[in-house]
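Chains A and B are the protein sequences, given in the same order.
5 is the number of the first residue of the first sequence in this note's numbering; add one for each residue after it.
-5 is the number of the first residue of the second sequence in this note's numbering; add one for each residue after it.
Hint data in this document are derived by calculation from the structure and do not stem from the laboratory.
No residue lacks a Cβ here, since even glycine has one placed at the ideal position from N, Cα and C.
Wrong hints could be hidden among the right ones.
Heads up, simulated DSS-like pairs for lysine-lysine below, C-alpha to C-alpha not over 27 Å straight-line [said to hold, decoys possible]:
1. 188/B <-> 175/A
2. 188/B <-> 95/B
3. 202/A <-> 237/A
4. 188/B <-> 283/A
Partial list, derived from the structure: chain A residues whose beta carbon lies under 10 Å from chain B [what the hints assert, rightly or not]:
5. 40
6. 47
7. 107
8. 155
9. 179
10. 227
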Amino acid sequence: MTSVAVEQRTPRRNTLAAAFAFVRRHVLTVYSLLFFAYLLLPIAVVVVFSFNHPAGKFNYVWQGFTWNNWLHWDGVPGIRSAIILSLEIALFASIVATALGTAIALALVRYGFRGRGTTNILIFLPLSTPEIVLGASLLTLFLNLNVIFGFWTILIAHIMFCISFAVVTVKARLVGFDRHLEEAAMDLGANEWTTFRKVTLPLIGPAILAALLLCFAISIDDFVVTYFNSGSKVTFPLFVWGAARIGAPPQVNVIGTAIFVIALAAMLANVLFQMRRAKGAS
Amino acid sequence: MGFFHRHRGLTPYLLLAPGILWLAVFFLVPLGFLAYQSLQSGNIDFGYAFTWSWGNYWTAIRDYRDQFIRSLEYAGIATVLALAISYPVAYWIAFRGGRWKNLLLLGIVAPFFVTYLIRTLAWQTILSDDSLVVRTLQNLHLLGANGRLLNTSVAVVAGITYNFLPFMALPLYVSLEQIDGRLIEAAEDLYASKFHAFLRVTLPLSLPGVVAGTLLTFIPAAGDFINAQLLGSPNNHMIGNVIQSKFLELTDYPAAASMSFILMAGILVAVAIYARIVGTEQLTGTAV
């Protein structure tokens, strides 16, 4: 009796389990590949249309292949100065924000002090405020103080929204950090500054580099906050915005592709390096 | 000994001071100015005066109710879509990625190295009237013969969903990756079906990622105006478009400032409601 009951029950359960196992094994993989295709579709469009030879001013329809846009990447008035401004802002903003953010991260992880909770909230708030509100409130400040909009207002804004990202990135690394190494250095006679320079800095170096790159990437891509605080200055995203209204030239795709390839190469090198190290460790 | 040793208690404050000061002066103080501006009356030519004019808020809600609701609606739909689309992939990478995990994660982040605006312009091309996508949908009769995608709410929501996907996928991956595989094995032994094990163990354990991803997607999405501008028609404009034009084109600062606060209040209410739902669900999930 019991064996019959079991036999009656198991096939149904088995088919269900087998069906689910099949779903998990194959459909999930197929779905994931489709997902990546979906993610990369617009990127493919950007890259392909950077080689387009548009007939009119609209770069929407494929007309023919040309190297021209790449050879004359700055063949559109204003694009060159926009890229240079974006690079300058991203460079300065990422350095200053990472320095300020690293200091905050060190204080938060290393020291007990009054006002920790408030500090954590102050770090978290800019991350959870919509960009349009960040941009609008800074604009209001500058308007009320009669500040002239331009390079400095953009830089101030970018440092502001990068700090929190830098803190979060460096903090993540500091939490898993062995303090005994620093204590050993101090026991051996190094003062706090020497210890920081010779022990702490090399250990959190990768996190600082990661914070720098993240801030650089966020800064160079920012449109909303910059749009509110740029005055008559034009960064690359602002250039794209302006160009989009009258039909973006293929040069925009060229620069977009170039930024993509450079960033991807840097990240890929990092990932492959980590994979090799993980392989060597195991 | 050095300065730091004599003033050990001061060190954390010295480290904090520059960054915190920066955030105070260029984040908190501006919010104060925005609040101040939102209660002013007047116009750009004759100047603005602070008059406790709460009427700005009521006027904004009365005149732009549609845009406010649309912002929360579009952001909500996009968040749910992003969650549904990226959960299986985050799961796949976390449990089947093996040593390719980092490379696959890079694949998720990679598209976002292309400038936000250029990415969105690419969608403009993909969804434009004579594009392959639109013609295929027309041939399948999923779209009328003259049906279009560009300048519709579908395009705007699709754009928002795409543009904020990594904010959803990465937290999901992190929480799924942290799950101890032995818990799932134990659950499979006890519940016998993998599906139930997923429902009772994996899903509840990944909830922190779902919550983080939802907030990281919803909040910026509700304030977005780029997708509505580039992929939608004026009928699809969100409150971000109104704030942007009031500030930068119409120079109606008090109205724009009050709208910014209403937007933030709307987001806070939506997040609070969500926290309530998820909070209770999470409780029952662990109680069962």
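Are the Cα positions of residue 188/B and residue 175/A separated by 27 Å at most? violated, 37 Å
Under the criterion that the straight-line Cα-Cα distance not exceed 27 Å, is the pair residue 188/B, residue 283/A satisfied? Not satisfied, since the Cα-Cα distance of roughly 31 Å exceeds 27 Å.
Would you check whether residue 155/A satisfies its interface hint, that is, whether its CB is within less than 10 Å of any CB in chain B? Given a least distance of 15 Å, the restraint on residue 155/A is violated.
Does the structure keep residue 202/A and residue 237/A at a Cα separation of 27 Å or less? violated, 42 Å
Hint validity - residue 227/A Cβ closer than 10 Å to any chain B Cβ: Holds. Min distance 6 Å.
Restraint check, 10 Å cut-off on beta carbons, for residue 179/A near chain B: violated, 15 Å
So, as I understand it, the hint says residue 40/A touches chain B; can you test that by seeing if any CB pair is closer than 10 Å? Hint on residue 40/A: holds, closest Cβ of chain B at ~6 Å, below 10 Å.
Could you grab the alpha-carbon distance between residue 188/B and residue 95/B and see if it respects the 27 Å cut-off? holds, 23 Å
Close enough to count: is the Cβ of residue 107/A nearer than 10 Å to one in chain B? holds, 4 Å
Identify whether the interface hint at residue 47/A stands, where standing means a beta carbon of chain B within less than 10 Å of its own. Residue 47/A check passes; min Cβ-Cβ to chain B is 5 Å, inside 10 Å.
In the structure shown, a violation is registered for the earlier hints numbered 1, 3, 4, 8, 9, in ascending order.
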